[in-house]
Amino acid sequence: MTDRTARQDGYGVPGDARISRWLGRALIALGCVVTLMAWGMVAGRLAQDAQARFTAFGEARELLFDRHVKRLVDVALSFQGLFLSSEDVSQAEFKTHYDILQVRENLPEVVSVHLDVWDAGSRRLLTRYRQPGDSGPQADPAVDADRARWIELARDNNVCTLTPPYRLPEGFEGIDIGVPVYRQTGGQGEPGSVALRRQWFLGQVNVSVDLGRLIANVMPEGVTLPYQVKFSDIGTTEGGSGQPEIILFEGGGGADGRLVARPWLDPLRGPALERRYVIEVGQRLWMLSLHQDPDLYLLRPEALLVLLSGALGTLVLAMTLRQMQRRVDRSAEVVRAMDQQAESDSARLRGVIDQSTEGIITFDADSRVLAANPAAHGMFQRRSLCGQPLLDLIDPADRTVLLDCLRGLVHAGSHAEDVRIELRALRADGSGFPVSLTCRPLGPAAPRGEWLGLLRDQSVSLRAAAAMRKLAQHDGLTGLINREVFQKRLAQALTELRASAATGTSVPLAMMIIDLDRFKKINETLGHLVGDRVLLEIAARLRGALDDKAVLARLGGDEFAVLLVEPEALRHIEEHARGILRLLSEPLEIDGHRLRVSGSIGITGVEGEEDLASVDGITLMSQADSAMYVAKNAGRSQLHVHRREDRQHSPAQLQLEVDLHRALERRELELYFQPQFDCRTRVLVGAEALLRWNHHSQGMVSPAEFIPMAEESGLIVPIGRWVLDEACRHALTWQAVAGRPLSVAVNLASRQMVDDDIVSAVRESLARHALPAALLELEITESSAVTDTVQARGLLDRLADLGVGVSIDDFGVGYSSLSYLRDLPVQRFKIDRSFLVNVPHDAGSSRLVTAMIALARSLEVGLVAEGVETQAQLDFLAQQQCDVAQGFLLGRPVPAPEFMRRLRDEWLIG
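Under my numbering, think of the first position of the sequence shown as 34, with each following residue one higher.
None of these hints come from the bench; they were simulated from the model.
No residue lacks a Cβ here, since even glycine has one placed at the ideal position from N, Cα and C.
Among the hints, a few may not be true.
[What the hints assert, rightly or not] Lysine-lysine pairs mimicking DSSO-like chemistry, simulated, CA-CA at most 30 Å apart:
1) Lys665 to Lys582
2) Lys582 to Lys503
3) Lys503 to Lys553
4) Lys521 to Lys553
5) Lys665 to Lys554
6) Lys128 to Lys263
7) Lys521 to Lys665
8) Lys582 to Lys521
[Said to hold, decoys possible] What follows is a list of derived Cβ distance ranges for each label pair:
9) Ala445 to Arg100: 44 to 52 Å
10) Gln232 to Glu92: 27 to 35 Å
11) Met742 to Leu510: 28 to 36 Å
12) Ala800 to Gly420: 46 to 54 Å
13) Arg86 to Trp755: 45 to 53 Å
14) Gly509 to Asp387: 53 to 61 Å
15) Glu601 to Gly836: 33 to 41 Å
Start from the sequences and build out the full structure, keeping to the hints where you can.
Shown next as structure tokens:
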């Protein structure tokens, strides 16, 4: 009993004691090794921190120096601009400009700013103005050839130059930063060519800088430099190597003097730190050099503390070994109980895997199947998969894909992420089926090099995807192709027609649009179910009236389209149209209702190269649509063929429309931006993008003239895409300048909502320019939002999924259907400018605007007031807690470069 009890404690026999002593020694040795490693790691970390501080110190000095020099260069450039803006700058104007720039207060290192007039004949510089302490013109000694060459280089290239260090007249070392000055050139700005620069060259504006003060601004004040620092001038940018080095500044601390004379400690020292920065300043190169001697990081207090702590910890662990051994036996019982629980859990897990409807397998690095559940066996229709190579279960054409996947898994090892591949698998009878295989490491508890494979039969999902593609391309009610597919077929036909026209084998093209007359009345009186039955019957009649060459589509609602490409297509499609009108006039029997439905048909076509050169798919659709409305206005149940003479525009209007087609190619369209401000804080929050057309011969064309023309011709779709893309591009640059989010609002035409996949266009523009979706806002009119609420709701929901904001433009002047607006996912209302004209002087107008603001608050949407032109209007809006305002008072629409300038110089500061 005693022996048994002692053995259970783990120390009852000599063998156990020897094992315990061996474990104690091993633990002490391990503790020492770990301690030494930790000691070295801490020393290494200290060395890394020192390196990081060293690098940060150098980069900070480089950045400070670069900033100071740029400010000095900006002063010189400012005086250059002064002389470009005026034909004759007086001494008083020179001093006034100096005072405006506050050079003395902001740049104490500047000794003086002076205009030196260059006399090429005598090769002298005549100092005309000097601030401070201008004492009239002074003639400097003749400059040497090297200085003359740099003056001429600055003159010919209009660049900033920097002199080598020299002793200033004030008695200390300094430098001159100079820029060329040209006489005023008749309002043409700076001369653009070398000849003009030489002709109009006046001299140089030089900023004389105290070199000591400049470097003092870069070095930290009031502390001893921790590193050896050296500033030096290493020559010109074009001088190459071998130029003499001029020491500008040298100073700073060195290594730790307490242990510097101990050579036997050299192996423990860290590496010396060296860093050099080359800075280009005015066609010269300056170099900032930093150095720190090797340091003893292993003997730092932090490293020694780790060493002592590790030694103490090793001792404590060794003393507790005996206590831990006593607990081993008690833990054994717990382990046995856990093993039993694990076996039970494993059995449950096996049951879950066996009942899974997805195939589950495990395989090794040789792609041999180790285990498989019943679903996997059934998927491959095999009794057993164990032991079979996974490659034998895959179609030979896809085995390379599987091999690449397995190689990637083996290379990544236990850190491999889930990999999903699509393959074609083979059943036992040799038939193939699509399968999705997801591979992942089996887990830390499994043997190394084993993976889990999840198999899913894709047959059903692929059939479902094919059905979804068909639904996306076909009308869900009639089974006809939809508008998008029809437009692609039309564009393809035009492309083929243009290609065949080059060979003289072109075949004419014609199309028609059929719109049912008064179909809306059937839906309203008999219900949508009867209306759907009518559309099905009409679609069947249209199929029967056309041959296999015709392309039939349902464009939406009660509108159908037909495309025909064959010889004499326009004549044939007109015959088809007359037959369709007769078929439509025949009565329908729907659920006991005898109905008569008529239609209006618009026809257009392309017969010659003249027509082909002037149309595209959108233009043809627009022409057919216009012809259809001509037929409808003629008394319904009519057809009308679009002719060139249908457009009774004046020659000037016709030419303007032709120019509009080429405006994008000629880059004549541009965006103006009108700023939007927070009503209460007056802080800039965004801008609205407004389209402008700068015609190559007529100048600026009014948007009221060309935008309706673009909507009528269908050009609003490609133009709208360009506007959207440009607005996103400019908005991204605003963020970089402002350092905070600024939104951009883009107007969306009704035609874009119908004819264009605006969601895809928005997604592509946001992705192309990496602009956050929350910074883009699309403005739609109130009428387009409530005219077809189903379509509008679907479109706005998809835009909301992207994260794009939507606002209702011209709120209050349209339908103002609150029930619709309440349900639509919009973020802001935009009060039309007409409501603010008499605010706040007119009580009625003020109450109306107040009510509109309260309505927006109750619907939990934001509010933008446009057309703010007086301070009283802005104060009123702020008092009523309106969110955002825009108008001439706050800022007129300006071109993108002007908007960026004002953003940088005015709005961010204000």
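Violated hints - listed by number, lowest first: 6, 10, 14 and 15
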